[in-house]
Amino acid sequence: MRDFISERARAIPPSGIRKFFDLALSMEGVISLGVGEPDFATPWNICESGIYSIEQGGTSYTSNRGLKPLLEALSRYLREHYSLAYAPESELIITTGVSEALDIAIRAVVNPGDEVLVTEPIYVSYPPCVTLAGGRAVPVPCPADGQFRLKPDCLMEKVTGKSKVLIINFPNNPTGAVMRREDLKGIADIVTDHDLLLISDEVYAELTYDGSHVSPAAIGDLHERTITLNGFSKAYAMTGWRIGYLCAPRELCDAALKIHQYVMLCAPAMAQVAALEAIRNGEEEKDRMVREYRVRRNLFVEALNRIGLECHVPEGAFYAFPSVEGTGLSDTEFAEQLLKEERVAVVPGSVFGDGAAGHLRCAYAVSRKDLGEAVLRMERFMGRLKA
Amino acid sequence: MDEKDLLLLHLLEENSRLGAEELAAMTEISPADVKCRIAELENERIIRRYATVVDWEKAGDGEVSAIIELKVSPERDFGYDRIAERIARFNQVRALRLITGAYDLQLVVTGKNMQDVARFVSEHIAPMDRIRETATHIIMKTYKENGDSFFEREGAERLPYSF
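Respectively, the protein sequence lines represent chains A and B. Each residue of the first sequence is one higher than the one before, counting from 1 in this note's numbering. Each residue of the second sequence is one higher than the one before, counting from 1 in this note's numbering.
Read the hints as simulated data drawn from the structure, not as lab findings. Glycine included, C-beta positions come from ideal geometry on N, C-alpha and C. Be a bit skeptical, because a hint or two may be false.
Claimed, not checked - Cβ-to-Cβ under 10 Å is the rule here; a few derived chain A residues that face chain B:
| no. | residue |
| --- | --- |
| 1 | Ile12 |
| 2 | Pro13 |
| 3 | Ser49 |
| 4 | Tyr52 |
| 5 | Arg280 |
| 6 | Arg296 |
| 7 | Leu299 |
| 8 | Ser350 |
| 9 | Phe352 |
| 10 | Asp354 |
| 11 | Arg368 |
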């Protein structure tokens, strides 16, 4: 029999934590700080409208682009909250999570051989999506001593004649870093000068704790060369509903829409109805969850530093990214031993690229009770390492 | 009252046993400042008291609660306030509100059993001057109290890792 697996499928790596995954599943009483999703259930008013739409028979396809009222509400929301101007009928697409939005954005713009700059630590999906599109992902280091922000000089070092796209993700998974307006200005100049396209994944935008989120497409002339991605998963605790969206100037949006209509047709209809409820009446619950994440962040980051795991204060998302330097263990060893000995699951930084090694991604999207217990266990573990 | 005060109130409303150190870390202010702010909130009676939400049914205590609605003739110059104050003095009255609709006052009353509640209403509340009518609703079961749901639900399964 022939070897049926494509070269591109072969070129993408399997999950970096399969081993941990199986190990954690085989153990009892594991507290997982390894999860990249809110611990809250979706607010009930949002669930209720999804349920009601099913009861009313809203179980068909929607238009490719998405439900008109949702597109219109989103367009308004983006203008009011982030000063972004996207026309609902031509510059927005509702997607099946930001994952799909990312995939179709990349496929809409990348040719074989193109270089795609990605900030490192890198969210795990970016390089494989680039590879599948025939491009080459080029990591741009965003080290700890710069609060994991993207610096103009680090970006410049990686720009070549083949560079076509820059993908950024702030607030960042896995570091929790955010970009301030002044940080983005320096990046905007390089993107414009080198005629790059920016893909900005802002799925954690609502989870910005110190100051407010700045969307790159609202800066200078970036709008015409930016694809903005966002979604409902993190802000409204809606990961399982799979609703994201892609915003871009018409021509780019049309190209992405062609791919979307062939590979996805449309995002789930009932989930789009639920998302509409989220955007209309979800603010209060969202604010309540954001307040709680911030409280947990404060407790957790203080505890990490106290027990000897140096950690910068993440200003967004729900991840702390402490360093394991000084423990004598690599991030992978630390994560594996911590899981086996104290049953606390964290993700080793090196999963997010070589430049992210020596750190741990700890999601504090768990109850304060579990977070407190996890800290006790980690403290005990650190105590044994020092002894 | 600023943002930090509001955050302290939210945190304490949810769990009044949080200590100053912990609250300080959570709210990004110093423990001394936390104590000072709480003292001020107590002085101003914004913090009324520190209480516990109890599921009495589960605790096996046979207390009975009822919602009592009253039609009341308001008094010149005082409206409903004076009569409400008299009613509020009874220990059996756990909550008392002025409401819109067919009735004027709404009480939550507790007693050892149904007879106890009925006796309290007929002997102490109904005969008061200005009370024109009463309606008693015995509470059969409490599903949610002070924002706390008494349903025991199993959480949905979460993956141990996801990106």
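| task | Quick one: which hint numbers does this structure break? Sort them smallest to largest. | result | Those not satisfied are hints 1, 2, 3, 4, 5, 8 and 10.
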